[in-house]
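Novice: Residue strings, one per chain:
There are 2 protein chains.
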Amino acid sequence: MDVNEALKRRRTTRAFEPDGLMLQREFIEELIAKACMAPSEFDLQPWRFLVVRDRERKEMLYQCAFRQSLIRDASAAIIVCGDTRGHEAANRTVKDWIALGLIDQKDALRVETSIKAAYEASEKARLIMAIRNASYVAMNLMLLATEQGIATTPIVSFSEEAIRRAFKIPERYLPVVLVLLGLPSTTSPQPPECPRVPVSQLVFHEEMEP
Amino acid sequence: MDVNEALKRRRTTRAFEPDGLMLQREFIEELIAKACMAPSEFDLQPWRFLVVRDRERKEMLYQCAFRQSLIRDASAAIIVCGDTRGHEAANRTVKDWIALGLIDQKDALRVETSIKAAYEASEKARLIMAIRNASYVAMNLMLLATEQGIATTPIVSFSEEAIRRAFKIPERYLPVVLVLLGLPSTTSPQPPECPRVPVSQLVFHEEMEP
Numbered sequence: 000m001d002v003n004e005a006l007k008r009r010r011t012t013r014a015f016e017p018d019g020l021m022l023q024r025e026f027i028e029e030l031i032a033k034a035c036m037a038p039s040e041f042d043l044q045p046w047r048f049l050v051v052r053d054r055e056r057k058e059m060l061y062q063c064a065f066r067q068s069l070i071r072d073a074s075a076a077i078i079v080c081g082d083t084r085g086h087e088a089a090n091r092t093v094k095d096w097i098a099l100g101l102i103d104q105k106d107a108l109r110v111e112t113s114i115k116a117a118y119e120a121s122e123k124a125r126l127i128m129a130i131r132n133a134s135y136v137a138m139n140l141m142l143l144a145t146e147q148g149i150a151t152t153p154i155v156s157f158s159e160e161a162i163r164r165a166f167k168i169p170e171r172y173l174p175v176v177l178v179l180l181g182l183p184s185t186t187s188p189q190p191p192e193c194p195r196v197p198v199s200q201l202v203f204h205e206e207m208e209p
Numbered sequence: 000m001d002v003n004e005a006l007k008r009r010r011t012t013r014a015f016e017p018d019g020l021m022l023q024r025e026f027i028e029e030l031i032a033k034a035c036m037a038p039s040e041f042d043l044q045p046w047r048f049l050v051v052r053d054r055e056r057k058e059m060l061y062q063c064a065f066r067q068s069l070i071r072d073a074s075a076a077i078i079v080c081g082d083t084r085g086h087e088a089a090n091r092t093v094k095d096w097i098a099l100g101l102i103d104q105k106d107a108l109r110v111e112t113s114i115k116a117a118y119e120a121s122e123k124a125r126l127i128m129a130i131r132n133a134s135y136v137a138m139n140l141m142l143l144a145t146e147q148g149i150a151t152t153p154i155v156s157f158s159e160e161a162i163r164r165a166f167k168i169p170e171r172y173l174p175v176v177l178v179l180l181g182l183p184s185t186t187s188p189q190p191p192e193c194p195r196v197p198v199s200q201l202v203f204h205e206e207m208e209p
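Residue numbers (numbering that gives the first Met the number 0), protein chains in the order written: chain A, 0 to 209; chain B, 0 to 209.
It is worth saying that the hints were derived from the structure and are not from the lab. Remember, predicted model here, so these are calculated numbers, not experimental data. All residues carry an ideal CB built from backbone N, CA and C; glycine is no exception. Each hint should be verified, as a subset may be incorrect.
Taking CB as the label site, the calculated pair distances span [claimed, not checked]:
(1) A:Arg54 x B:Ser68: 49 to 57 Å
(2) A:Phe26 x B:Gly100: 27 to 35 Å
(3) B:Leu101 x A:Phe26: 27 to 35 Å
(4) A:Ala116 x B:Ala124: 36 to 44 Å
Derived DSSO-like pairs (lysine-lysine); straight-line CA-CA distance at most 30 Å [claimed, not checked]:
(5) B:Lys105 x A:Lys123
(6) B:Lys94 x A:Lys123
(7) B:Lys123 x A:Lys105
(8) A:Lys105 x A:Lys94
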């Protein structure tokens, strides 16, 4: 299935068949590994994933996300998190870049310092970096799942605080989106995707008209 | 090319062949339209795109982005923006949802109110929504371009203020990432992608260990 086809076939599933699929831990990890081929700034790969498959845990997640019943019925949920302290991996990036010949050993300190400066610039900068990279991977997860015939729903209405508490997510990781995986309900019909806004209303050329 | 293949083939191109491709306005718009099949919360589609192809405009963008020379050489740049006032489209969403049978007419006001509440909750909430959705589309743009044999580079080091001023981007739209499109340099070699962190270091099951 090519990318365009996967994009067209992806649906935000509104109801799952309760535990309709048995998704192995290894299968989900492989899906995540593939999705992580996303780019990231300074190659920091500032993303983490919490996989929820256990029934009781899904119940907790359901409670944390304003009781959206499809969470209970999904086969698995992946809590995609962004790392707001991605610069702590700056040392690894620098080593990789030297190995790839992108920078010289003598530039190592300068590069590491500038990576740290980017993160230390502001709270907003840290937030943007954490969300942007995690979102790339979440999008890939949805496309890869679609390609495998698995239905997905991105859930963004949840209490950050409740999820942190229930799943022991440290402050440094920001839960960006929950990607639910499963089999679409066999009894309730799946509505089509919402129509898209015509591109002519979204695209500007050379400058935005105010 | 399937999704996994596109993910593997995508490279962050480090140098473009100067104006190596002639990318038509219509071609880029079609790419954007396909990428916009991404999901968005409440189906608000809170993204906008500024396409830069003109040589002088690329020069301006280069200045706004700390003189990264590959910006000048790219065939086109798409400034992907997130809409921090996505709730202004709530009315359209509600109409679409009624037409799709997702909600009843009598729920219209309640749904519209809750969409507005989500955006009005906090500055952080608005930021997250704007970045997450724009990032989904940016990822799709890179995959679709890869599928078409076009090289891409996501640029995130830029002065938000300088870009806003130079390209007349109103406060409501946040520039999230610049996606450069072009032909890889035929003279300077393209390094491989950085190795990825093993998934075992990124994935947690059922809860995160502190």
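Novice: List, from low to high, the hint numbers that the structure doesn't satisfy.
Specialist: 4, 5, 6, 7
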